[in-house]
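Position chain B against the provided structure of chain A, taking the given hints into account.
So the sequence lines, in the order shown, correspond to chains A and B. Residue 164 in this note's numbering is what sits at position 164 of the first sequence, and the numbering runs on without skipping anything. Residue 105 in this note's numbering is what sits at position 105 of the second sequence, and the numbering runs on without skipping anything.
It is possible that part of the hints are untrue.
[Said to hold, decoys possible] Estimated spans, in silico, between C-beta atoms of each pair:
| no. | chain 1 | residue 1 | chain 2 | residue 2 | range |
| --- | --- | --- | --- | --- | --- |
| 1 | B | Val56 | A | Arg131 | 46 to 56 Å |
| 2 | B | Lys193 | A | Ser165 | 47 to 57 Å |
| 3 | B | Pro166 | A | Leu190 | 30 to 40 Å |
| 4 | B | Pro190 | A | Ser114 | 34 to 44 Å |
| 5 | A | Val268 | B | Leu174 | 35 to 45 Å |
| 6 | A | Pro191 | B | Leu256 | 34 to 44 Å |
| 7 | B | Ala86 | A | Leu76 | 36 to 46 Å |
| 8 | B | Ser50 | A | Gly126 | 15 to 25 Å |
[What the hints assert, rightly or not] Computed list of chain B residues with no C-beta within reach of chain A, every gap over 10 Å:
| no. | residue |
| --- | --- |
| 9 | Val52 |
| 10 | Ala58 |
| 11 | Val79 |
| 12 | Ala82 |
| 13 | Arg103 |
| 14 | Gln105 |
| 15 | Arg115 |
| 16 | Tyr139 |
| 17 | Ile175 |
| 18 | Ile187 |
| 19 | Pro190 |
| 20 | Lys193 |
| 21 | Ile216 |
[What the hints assert, rightly or not] Quick look at which bits of chain B chain A covers, simulated, 3 or more residues with Cβ under 8 Å:
| no. | stretch |
| --- | --- |
| 22 | 30-44 |
| 23 | 107-113 |
| 24 | 197-211 |
| 25 | 249-256 |
Since the hints were derived computationally from the structure, they do not count as laboratory data. Quick reminder that beta carbons are idealized off the backbone N, C-alpha and C, glycines included.
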Amino acid sequence: MLLVAVIIVYPILYTVWMSLQEWFASSLAAPQFVGLANYHKIALADARFREAVGRTVYFTVVAVGAETLLGLAMALLFNREFWGRGLLRTLAILPMVATPTAIALVFVMMYHPSLGVANYLLSVVGLSPWRWTYSSQTALYALALVDVWQWTPLIMLIALAGLASLPREPYEAAHIDGASTLRAFWHITLPLLRPALVVAVLFRAIDALKTFDIIFVMTQGGPANASETINILLFNQAFSYFNMGYASSMAVALFAVVMGASLILIKVRRATTW
Amino acid sequence: MVKDGRHAWLSTAGFYGLAGLFMLPTVFVFYWMITLSLKPQVEATAYPPSFVRFSVTAAGYREVFTKYPFFLYTWNSLVVAAGSTALGLAVGLPAAYSIARWRQQRLAVIILVARIIPGIAYLIPWYIFFRRLRMVDTYGALILTHLIVSLPIIIWVMISFFEDVPAEMEDAALIDGCSYWSAFWRIALPLVKPGVVATAILSFVFSWNNFLFSVILAGRSTRTLPIAVYTMISYEEINWGTLAAAATLITLPVLLVALVAQRHIVSGLTFGAVKQ
Numbered sequence: 001m002l003l004v005a006v007i008i009v010y011p012i013l014y015t016v017w018m019s020l021q022e023w024f025a026s027s028l029a030a031p032q033f034v035g036l037a038n039y040h041k042i043a044l045a046d047a048r049f050r051e052a053v054g055r056t057v058y059f060t061v062v063a064v065g066a067e068t069l070l071g072l073a074m075a076l077l078f079n080r081e082f083w084g085r086g087l088l089r090t091l092a093i094l095p096m097v098a099t100p101t102a103i104a105l106v107f108v109m110m111y112h113p114s115l116g117v118a119n120y121l122l123s124v125v126g127l128s129p130w131r132w133t134y135s136s137q138t139a140l141y142a143l144a145l146v147d148v149w150q151w152t153p154l155i156m157l158i159a160l161a162g163l164a165s166l167p168r169e170p171y172e173a174a175h176i177d178g179a180s181t182l183r184a185f186w187h188i189t190l191p192l193l194r195p196a197l198v199v200a201v202l203f204r205a206i207d208a209l210k211t212f213d214i215i216f217v218m219t220q221g222g223p224a225n226a227s228e229t230i231n232i233l234l235f236n237q238a239f240s241y242f243n244m245g246y247a248s249s250m251a252v253a254l255f256a257v258v259m260g261a262s263l264i265l266i267k268v269r270r271a272t273t274w
Numbered sequence: 001m002v003k004d005g006r007h008a009w010l011s012t013a014g015f016y017g018l019a020g021l022f023m024l025p026t027v028f029v030f031y032w033m034i035t036l037s038l039k040p041q042v043e044a045t046a047y048p049p050s051f052v053r054f055s056v057t058a059a060g061y062r063e064v065f066t067k068y069p070f071f072l073y074t075w076n077s078l079v080v081a082a083g084s085t086a087l088g089l090a091v092g093l094p095a096a097y098s099i100a101r102w103r104q105q106r107l108a109v110i111i112l113v114a115r116i117i118p119g120i121a122y123l124i125p126w127y128i129f130f131r132r133l134r135m136v137d138t139y140g141a142l143i144l145t146h147l148i149v150s151l152p153i154i155i156w157v158m159i160s161f162f163e164d165v166p167a168e169m170e171d172a173a174l175i176d177g178c179s180y181w182s183a184f185w186r187i188a189l190p191l192v193k194p195g196v197v198a199t200a201i202l203s204f205v206f207s208w209n210n211f212l213f214s215v216i217l218a219g220r221s222t223r224t225l226p227i228a229v230y231t232m233i234s235y236e237e238i239n240w241g242t243l244a245a246a247a248t249l250i251t252l253p254v255l256l257v258a259l260v261a262q263r264h265i266v267s268g269l270t271f272g273a274v275k276q
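Extracted from the complex, chain A is given alone in its bound form (with noise of 0.2 Å):
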């Protein structure tokens, strides 16, 4: 047990600690205490990380924004007995367990914008061709939407089993009282199934937050540090710049952004429990 402690827990003690020090691990000289000056200078002085933790929450409320209302409409659609059912959950695991590097790398394939298949695909229904990763207009957009290929299923799954468990006297009453279908949705389902897709939101908040593979992949935070998120950033001041103090308090506060996103989601969970 203890063993298990000091495994996840001593790594933690040693990044908080690392964050007090100016140290380069290129260079001989020894790390030097240097107190909170770290943090005095991401919280003020360094833009860049402030756009990186912009970035990063809007990449995590665009992708799992997207995954819950595509996911929780899958899951009202599939809430039924219907032939294929099995297929249907082996399917929404695949995207899941597929190593995010080989599918970063087939959406570079399908992105290219001349020769790929997104742009014949939108071509064909009628659109005009996009630059995907290679524009730092819509390069956050197209790594969100590896994203939501890859979570829907798992926002589905977790509302399927919301719904699985909602009990069915409400519905009755609600049609004896003649409610529409949208009403009873909208005043019983999605109050029930709040809880369900909270923990669902929680779960994929956390780690849409910590996106590393896809991002470094397919755009290493480019074109134009356009793609640039916390994690990438830190990435490069650590093991680039190997600027081990600075890209520790980086790593702490990143912590602090997934931590506090999850406090809040788990408040609201709190709220919405009566």
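Same frame as chain A, now just chain B:
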């Protein structure tokens, strides 16, 4: 009656139409990956692309294995994933058991926090640590670091399995003079065997897929598959067929393995929020 029947038929058709529309992107990306991997270079980059009619070649796969040490990468991935899963089970099963039996909430919270903390916050201390020990580019470093992926999943999923084992059975064994350890080993563990298999598969998959830790801590001789593919992208002139073949080779084993454990995958992915 006839009208009703037709209506039902139409709504069924509408349902399957919608269902197909929703699931199409999921299927298409995999379909595209596999067909690209089988296309000769000219057709892989042809525009407009061909969806069903194309000539099939194994050139992409041949190139993956002849131009790159792909067998080595696959072996590395196997060693690291199997190693971290085995170690994760060895540490995680007793931990999950004791959390379930003696309600060690504090340990449970630590596990939860480990799930929330960004992996990169671990990578920095590990990098410094393993560099000092000259363990960068060793299996040991990779296996130890991948524990941070596998341990939380193993422990968290196994807690609920152990909780389902009636405590009376172990109590009876303890009264008969069994030690705690053998009560765990001989009674609880055999009862949760299906769970162990499922979590082992899950943890294997996540270790196999891991990119962040390996990209820093793996070197020339221990490079795992995701890193190998990443380095392939940087050669601009590479064949799309070859890239797609590499992508297929990495992800297909995981997909197949996941299908076996699909009942427990959702529970693992949601950290036990959904039990199926």
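Comparing the hints with the structure gives:
Distance hint check for Val56 (chain B) and Arg131 (chain A): the Cβ-Cβ separation is about 32 Å, which falls outside the suggested range of 46 to 56 Å. Between Lys193 (chain B) and Ser165 (chain A) the beta carbon distance is about 28 Å. The supplied range of 47 to 57 Å is therefore violated. Between Pro166 (chain B) and Leu190 (chain A) the Cβ separation comes to about 38 Å, which falls inside the hinted range of 30 to 40 Å. Range check, Pro190 (chain B) to Ser114 (chain A): Cβ separation about 59 Å, and the 34 to 44 Å hint is violated.
For the pair Val268 (chain A) and Leu174 (chain B), the supplied restraint of 35 to 45 Å holds, since their beta-carbon distance comes to about 44 Å. Take Pro191 (chain A) and Leu256 (chain B): their Cβ atoms lie about 41 Å apart, and the range 34 to 44 Å holds. Distance hint for Ala86 (chain B) and Leu76 (chain A): a CB-CB separation of about 42 Å, consistent with the stated range 36 to 46 Å. Taken as a hint, the range 15 to 25 Å holds for the pair Ser50 (chain B) and Gly126 (chain A), whose Cβ atoms sit roughly 21 Å apart.
Once the 10 Å rule is applied to beta carbons, Val52 (chain B) is consistent with being away from chain A; the minimum gap is 13 Å. Residue-level check passed: Ala58 (chain B) sits 19 Å from the nearest beta carbon of chain A, beyond 10 Å. A cut-off of 10 Å between C-beta atoms confirms that Val79 (chain B) is not in contact with chain A; the least separation is 17 Å. Its beta-carbon lying about 16 Å from the closest one in chain A, Ala82 (chain B) satisfies the requirement of being farther than 10 Å from that chain.
The beta carbon of Arg103 (chain B) sits about 13 Å from the closest Cβ of chain A, which is more than 10 Å, so the claim that it is off the interface holds. Residue-level check passed: Gln105 (chain B) sits 13 Å from the nearest beta carbon of chain A, beyond 10 Å. A beta-carbon of chain A is positioned within 10 Å of the beta-carbon of Arg115 (chain B); the least distance is around 8 Å. Residue-level check passed: Tyr139 (chain B) sits 17 Å from the nearest beta carbon of chain A, beyond 10 Å.
In this structure Ile175 (chain B) is separated from chain A by more than 10 Å, as the shortest Cβ-Cβ distance comes to about 25 Å. Ile187 (chain B), annotated as away from the interface, keeps every beta carbon of chain A farther than 10 Å; the closest lies near 20 Å. For Pro190 (chain B), the shortest C-beta to C-beta distance to chain A comes to about 22 Å, beyond the 10 Å cut-off, and the non-interface label holds. Look at Lys193 (chain B): its CB is around 22 Å from the nearest CB on chain A, clear of 10 Å, so calling it non-interface holds up.
In this structure Ile216 (chain B) is not separated from chain A by more than 10 Å, as the shortest Cβ-Cβ distance comes to only about 6 Å. Counting residues of the stretch 30-44 of chain B whose beta carbon lies closer than 8 Å to any beta carbon of chain A gives 4, which meets the minimum of three for the stated coverage. With 4 residues bearing a CB less than 8 Å from a CB of chain A, the stretch 107-113 of chain B meets the requirement of three and the coverage assertion stands. Coverage of the stretch 197-211 of chain B by chain A holds in this model, with 4 residues showing a Cβ closer than 8 Å to a Cβ of that chain against a need of three.
With a cut-off of 8 Å between beta carbons, the stretch 249-256 of chain B has 4 residues touching chain A; three or more are needed, and the interface restraint holds.
Of the numbered hints stated above, those contradicted by the structure are hints 1, 2, 4, 15 and 21, listed in ascending order.
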